[in-house]
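Protein chains: 2
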Amino acid sequence: MNTAEHTRVKAEAARRATRRLGFSEGEDRNRALEATAALLLERRKSILQANAADCQEASDLPIAVRQRMHLDDVKLMEMVRSLRAVAALPDPLGQVRLRRLLDEGLELTQITCPLGVLGVIFEARPDAAIQIGALAIKTGNASLLKGGRETARTHALLAELLREGLGAAGLPEDGIQVLEGREAVESLLDLPELVDLIIPRGSKDLVRYIQARTRIPVLGHADGICHIYLDASADPAMAVDLVRDAKLQYPAACNAVETLLVHREGEAALRAVAEDLRMLGAELRGCDTVREWLPWIAQATEADWGTEYSAPVLSVKVVETLDEAMAHIHTYGSGHTEAILTEDPAAAARFLAEVDAAGVYHNASTRFADGYRYGFGAEVGISTGRLHARGPVGLEGLVTGKYLLRGGGHRVVDYTGPEARPFLHRDIP
Amino acid sequence: MNTAEHTRVKAEAARRATRRLGFSEGEDRNRALEATAALLLERRKSILQANAADCQEASDLPIAVRQRMHLDDVKLMEMVRSLRAVAALPDPLGQVRLRRLLDEGLELTQITCPLGVLGVIFEARPDAAIQIGALAIKTGNASLLKGGRETARTHALLAELLREGLGAAGLPEDGIQVLEGREAVESLLDLPELVDLIIPRGSKDLVRYIQARTRIPVLGHADGICHIYLDASADPAMAVDLVRDAKLQYPAACNAVETLLVHREGEAALRAVAEDLRMLGAELRGCDTVREWLPWIAQATEADWGTEYSAPVLSVKVVETLDEAMAHIHTYGSGHTEAILTEDPAAAARFLAEVDAAGVYHNASTRFADGYRYGFGAEVGISTGRLHARGPVGLEGLVTGKYLLRGGGHRVVDYTGPEARPFLHRDIP
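Chains as they are written, first to last, in the numbering used here: chain X, 27 to 455; chain Z, 27 to 455.
If we strip away everything but chain X, and leave its shape as in the complex, we get (with noise of 0.2 angstroms):
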């Protein structure tokens, strides 16, 4: 079989799994996650060694990146916790959503379940396919899972401990699957009908190569160029607080923000940021006004109005007016997340009412954007696109709903026509 055929098998065989995964019993899905959680323990070693080998063929690598693909006790703790926080979320499935008497004896339900088959494709972190894996369990989905080549024996090796979790709880174990090498990823992106969502992380380049190479519904995001704008009345102390955490807490992730707009007003704010930012190394790109303002700051060019950096760079730019501001937002932003520093409830308001982003905020930092922070459990990706599921996705992005309809022989012709029978329309409580 070439890679193309094996995938296809692999995937019908998920696509199987979904039968009984999409009307399991959450205490069932919870026992496969407290099965994985004690496997994790039992097979501690032979974890840890397949990491090893993984991380010795790694050591040309990025320092960061060797990190994120380490594992060692502390971190296969962090795992087992995680499978039991997940296991102790409410069931996402059989949720009822709507309730609603159409006429006597006709009732309509609509009801969470699962979304089917999950194709995700994220980095060479063995937390995130534990983490990956745990939602998708959870939400009675089956998954095809590719994770970062650079840790494939440590992934294999959870996905079958997640395989096995679900063999314990007599769950289908086809409902987690293990895709390598990039060929996989390009198979899998041909399988529209078998796959239902692709979620891609990792780099821009790969998530925008990934949504325009395949039909599938792809769930997330490319880039994250996230703005703050510091209004007239901004505190300049707070505004010093929140520019440093949002740009210099975790710069490379993707709700750190990459242009600071600044009101004509604010150039007392700002020359407290710059300094406060200038002292911890970053390094800042300013339009004329603000290079007038501070002639020690870069001179910005139109492409870093549109640029992630990724890196402790920001550019600045002066805008006259609050309108200005969202008008720079909408023209560059990426719909990501987008913040507001202001002591006027006015201008608060307006701020959040107008600004079309995932999220908007007001005097906090864009670094908020996240499901765990959000309260959601876990996350798998952050959203901009608008459709199903927009934001930090947790597991509400991973189910969907269906109706159900009871009667007693109810018929449309009766209520159809001159004689026509009126509905009820009452909704149950």
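Don't read these hints as lab results, they were simulated from the structure. You may find that some hints are simply not true.
In this list, chains with the same sequence are indistinguishable; a pair is considered to hold if it fits within one copy or across any two.
[To be verified] Here are the computed lysine to any residue pairs in the SDA-like style, where the Cα-Cα straight-line distance is at most 25 angstroms:
#1 Lys230 / Ile242
#2 Lys230 / Asp153
#3 Lys230 / Arg241
#4 Lys230 / Ala195
#5 Lys71 / Gly120
#6 Lys71 / Asp231
#7 Lys230 / Leu115
#8 Lys230 / Glu293
#9 Lys71 / Arg41
#10 Lys101 / Trp319
#11 Lys71 / Ala84
#12 Lys71 / Arg234
#13 Lys71 / Leu124
#14 Lys71 / Arg107
#15 Lys101 / Pro448
#16 Lys101 / Ala182
#17 Lys230 / Asp86
Since the structure is predicted, the reported quantities are computational estimates derived from the model, not experimental observations.
Since the structure of chain X is provided, determine the placement of chain Z on it from the hints.
Same frame as chain X, but now just chain Z:
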């Protein structure tokens, strides 16, 4: 300007209009609908004239098509009523979906907001233009409307009234745009950066073509291959009633039944159903066992199980078990609407839980799958996709959410690391 440029200009105008529509008051959007209703009455004469001109040119078309195209005073009043009914629905925007205190002074809210720009391709039906335009305006979306060319004059005039209605309410008229001609559809599908959602209504070939042709998310359905399963314990009289309703009340509808599955013990019920349908002029095609029972029924071929007849034709198959019926449905069904007729609560419960479709019914006609009948006020279409909206799509399928975060200078760094401050994550009712 060529068609592609012309379409882009209109899409850009629609996109600009979303900025204002996106945070418009529900009252203003309702005023736009009321104003359009008033204009429909005021311009009654010119509308009927435009429609008469359309209909004159269409004299070669089938009677059913001409009936749908044709406008008279009764239909005009129906359109007025439908505009007012949509205006009377609760505001779908600004609804709070989640409200959660992340920490003292740090409040997360998820509110509903418009999708943005809709591209709607619909039949030569004046009432569809009004209904779709009304739903788009109610949800604060801008829309590009491409109706069937046979009623181009009528659609252009009705869209003009929707635009005037927007203007009368102080909202941007550019929120409604009219596209004409096949080439404009092609251009529309090439604008993923300007159009958020395509809603194609019409033939399955059209829908399939559009799904395969564009990178813009498509909401709708190509096939409607719906089944009714007559369980061993089905009530024969109810079976006659419901199969007649589901097959013959409107055979061209997507929610009409195409295949009847019959339990091996259901010969008597099938006999009653088949005689009833034969008497009413329907054509039946059966599997071998069906033909042993009722030799007058024609032989079904493999192709029949995957065919949406859109005509008074029904395929019939005998199955040994509920499981075989469900397996057949999952193999040949289109995930639209599936029904079981049974007096056995256990069989009904299994069918409702295990069948994977947008609608799963017990003892009710498949023809109930419809936004109006579900109490959504109106619908833009029925989705067999699993993401975003599934089943009949009313106002809720035309909105998305955005997260608002209101803080007092909250930084992520304080919630990170060994000394991390814990989150509260306390839901606010």
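Quick rundown of the hints versus the structure:
1. For the identical chains of this complex, Lys230 and Ile242 are neighbours both inside a copy (18 angstroms) and across copies (19 angstroms), given an alpha-carbon limit of 25 angstroms.
2. For the identical chains of this complex, Lys230 and Asp153 are intra-copy neighbours only, at 21 angstroms inside a copy versus 44 angstroms across copies, given an alpha-carbon limit of 25 angstroms.
3. Taking the closest pair of Cα atoms, Lys230 and Arg241 come within 25 angstroms of each other both inside a single copy (18 angstroms) and across two copies (18 angstroms).
4. With identical chains, the CA atoms of Lys230 and Ala195 are never at most 25 angstroms apart, being 38 angstroms at best within one copy and 42 angstroms at best between copies.
5. In this homomeric assembly, Lys71 and Gly120 never come within 25 angstroms of each other (Cα to Cα): the closest approach is 38 angstroms inside a single copy and 52 angstroms across copies.
6. Neither within a single protomer nor between protomers do Lys71 and Asp231 lie at most 25 angstroms apart by alpha-carbon distance, with minima of 36 angstroms and 57 angstroms respectively.
7. Taking CA atoms no more than 25 angstroms apart as the test, Lys230 paired with Leu115 passes in neither setting, with 31 angstroms inside one copy and 41 angstroms between copies.
8. Within a single copy, Lys230 and Glu293 get their C-alpha atoms no closer than 34 angstroms, and across copies no closer than 60 angstroms, so neither meets the 25 angstroms cut-off.
9. In this assembly of identical chains, the alpha carbons of Lys71 and Arg41 never lie at most 25 angstroms apart, being 33 angstroms within a copy and 57 angstroms across copies at closest.
10. In this assembly of identical chains, Lys101 and Trp319 lie within 25 angstroms of each other by CA distance neither inside one copy nor across copies; the values are 47 angstroms within and 66 angstroms between.
11. In the homo-oligomer, the alpha carbons of Lys71 and Ala84 lie at most 25 angstroms apart inside one protomer (20 angstroms), although the nearest pairing across protomers, at 77 angstroms, exceeds that limit.
12. For a Cα distance limit of 25 angstroms, the shortest separation of Lys71 from Arg234 qualifies neither inside one copy, at 38 angstroms, nor across copies, at 52 angstroms.
13. In this homomeric assembly, Lys71 and Leu124 never come within 25 angstroms of each other (Cα to Cα): the closest approach is 48 angstroms inside a single copy and 43 angstroms across copies.
14. Taking the shortest alpha-carbon separations for Lys71 and Arg107, only the intra-copy value of 18 angstroms comes in at or below 25 angstroms, while the best inter-copy value is 71 angstroms.
15. Taking the shortest alpha-carbon separations for Lys101 and Pro448, only the inter-copy value of 20 angstroms comes in at or below 25 angstroms, while the best intra-copy value is 61 angstroms.
16. Proximity of Lys101 to Ala182 under the C-alpha cut-off of 25 angstroms is restricted to the intra-copy arrangement: shortest distance 17 angstroms within a copy versus 63 angstroms between copies.
17. For the identical chains of this complex, Lys230 and Asp86 are intra-copy neighbours only, at 23 angstroms inside a copy versus 54 angstroms across copies, given an alpha-carbon limit of 25 angstroms.
Checked against the numbered hints above, the structure violates hints 4, 5, 6, 7, 8, 9, 10, 12, 13; every other hint is satisfied.
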